[in-house]
Amino acid sequence: MTHTDESVLSAVGVSAGYGSGPRSRSVLHDVNVAVRRGGTMGIVGESGSGKSTLAQVLVGRLTPIRGVVRLDGTDVRRLSRRERFAARRRIQLVPQDPYSSLDPRMSVERTLAEAIDPRGRLRAGAHRERITELLESVALDGSAAKRLPHEFSGGQRQRIVIARALAVRPEVIIADEVTSSLDTSVQAEILELLLDLRERLGLTYVFITHDLAIAQYMCTDLSVLYLGTVIEQGTTDVLTRPAHPYTELLRDSRPDPSGRSTPAAAGGLATEDAADPANPPSGCVFHPRCRYGPRTHEDRTRCAVEPPILADLLPSRERRAACHYPIKAVIQDEEGP
Amino acid sequence: MATTAAGAPAVRRGLARRVAGSPWAGYLARRLGGVVAVLAFLIVVTFMIVRWVPGDPARQIVGLTAGEEQVRQVRERLGLTEPLWRQFGTYLRGLAHGDLGTSFTTGQPVSSMLSQRLPLTVELAMSALVIVLVVAIPLGTAVGVAQQRGRARVATSSFGVGASVIGAMPEYIAGTVLVYVFALTLRWLPVQGGSGPTAMILPALSIAIAPAAVLTRLVRNETAAVLSQDYITMAMSKRLSNTRLLLRHVVPNVVTSTLTLGGLILVALLGGTVVAENVFNMPGAGAEIVHAIVRRDYPEVQGIILVLGLVAVLINLIVDVTLGLLDPRVLTGARS
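Chains A and B supply the protein sequences, listed in that same order.
If you read the first sequence in this note's numbering, its first letter stands for residue 9, the second for the next number, and so on.
If you read the second sequence in this note's numbering, its first letter stands for residue 43, the second for the next number, and so on.
FYI, nobody ran anything at the bench for these hints, they're computed from the structure.
Take the hints with a grain of salt, since some may be wrong.
[Stated by the list, open to error] Away from chain B, derived, C-beta distances all over 10 Å, residues of chain A:
hint: 1; residue: Ile73
hint: 2; residue: Arg127
hint: 3; residue: Asp204
hint: 4; residue: Glu207
[What the hints assert, rightly or not] Coverage of chain A stretches by chain B, computed from C-beta distances (three or more under 8 Å per stretch; other residues unrestricted):
hint: 5; region: 103-112
hint: 6; region: 115-126
This one's a predicted model, so the numbers in the text were calculated from it and none came from an experiment.
Each residue gets a CB set at the ideal place from its N, CA and C atoms; glycine is no exception.
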């Protein structure tokens, strides 16, 4: 996944934020993410870590301050206006809230027709077949076409939003917390639908979530974001055998359904520990919370001064972490006899 | 909601079939029930209030110098010596036959007085409503768009203050200022009297100005709120033109709430006509009600209030039905 030549979409050294001048807010710092064709890149992290900002950058809605977004290896800034619009159609966003992302006054049919034919060049009935096909692909009945969004449940609305994203036959779908506003049982349906669509249509996903269980289930690759920087990257193995202390903390702070272990017992993520994204700590941004850092090891003063770079940990180049003292288990497993 | 899915497409065609067996039946029944209740309340309360106001209609008619005997005779002739419940019964029987009673002072039927005076009041209120809509909808949308896109920051942020000040201005102050500027100083329009559209401009403006400010602010807020929804961002990413975006996504969503307040504003405009007709000396129902109250002309006061109340209730009913047509969510109360 580190090779940009096989990736369909990638962010290279991207820094981004909102606003300009003295009131500007920097959110992402030198982020590198490469999305393999046909794979699912999970972006995980706490709220405020910059997950949604990264989605905005990848979809082309937010221009990075530094760094480039590459589509099939080509810097999107080099594209002409026309090419850039065509490129945008190849990448579609499915936003988080299925309630605010559908116009309450437009029938499903009109919503989809607008996605297929935004300028209204063709007659109203011309898209009927395609609309039925789209609804079928998200397992909705054709009779849904005439109805208004309020007649649907959250899960059904999310299916409509997915159908709208599929309307332009995209290659990459960026799913931003698509299941976080849904009930658990409905979540599972939507996740199955997305997996099914990935197989049938050969889609590539960028899957943004704060739910590690979902990330592990859905994704082939993972990037862990902390305060706007990627601190660990690799296959989903990242979650089972973390190399970065923060990933380990994330993993351990998952509530255990058996009730035997609580996040607090695992030295978990108390919110008062979380740093201000607008004003990140010096050195390694995670060092004030790190259980292996200068808080517990006096000799590791380096963490508070020198920001670690995201470096390959394994000869297979399947794991990268931004840590001066990565957890050894990962490396030893692969190198050992 | 899965249960409504099967029958829904078939029921879509034709208003009549739509009403039967659809949320419309319940919705209309509730609204009509409300209309009847409001009118009944209005009839009883007006009847009581005019009689509770101190003063004697008979004394008003015969004058201060007349003797007690004369007053007593007039009271008897007007039926005011009868017990209250019997007076009310007579009034109700009249109403049932469409008879609003006879004026104490002129001896004319109240209905013929209304047929002379009501058209002017309605014309005034409608002119004012047109002014309100023509100003509020485009201006509110424009300010909302500018605000949402961070343009013209000084203008958009001072807009709220300006709208509050203008929105709080009573009709008689607005009317006086307008007369001073346009009639007395600039001499563009007549002070009062006259005929045709020029005579209507100042009175209509004086009652339209405050509601226009209030509605403009509402349209601005609604526009800004709609523009911040995800579906607008999604629509913009499809490179819809600005006009298309406004007409297809923004205006239909703004219109619902605008209409709700629009009905209330029209009702308020009817009230405003009372002040405007007196300030501008216009012979409408609004001016007449003040005279009728001063003269304790019970049938006239009751008649005017009842008819204006009926108009107000009907306006609200029309608004409710229109809302139901535009936005089926209101039928079941499913609006988020």
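Here is what the structure says about each hint:
1. No beta-carbon of chain B is positioned within 10 Å of the beta-carbon of A:Ile73; the least distance is around 19 Å.
2. Against the 10 Å criterion, A:Arg127 falls within the reach of chain B, whose nearest CB is about 8 Å from its own CB.
3. With a cut of 10 Å on Cβ distances, A:Asp204 stays outside the contact zone with chain B, its closest approach being about 21 Å.
4. Here A:Glu207 stays apart from chain B, with its beta-carbon at least about 26 Å from theirs, past the 10 Å limit.
5. Here the region 103-112 of chain A counts 8 residues with a CB under 8 Å from a CB of chain B, which clears the bar of 3, and the coverage holds.
6. Here's how the region 115-126 of chain A fares: 3 of its residues keep a CB closer than 8 Å to some CB of chain B, so the rule of at least three is met and the hint holds.
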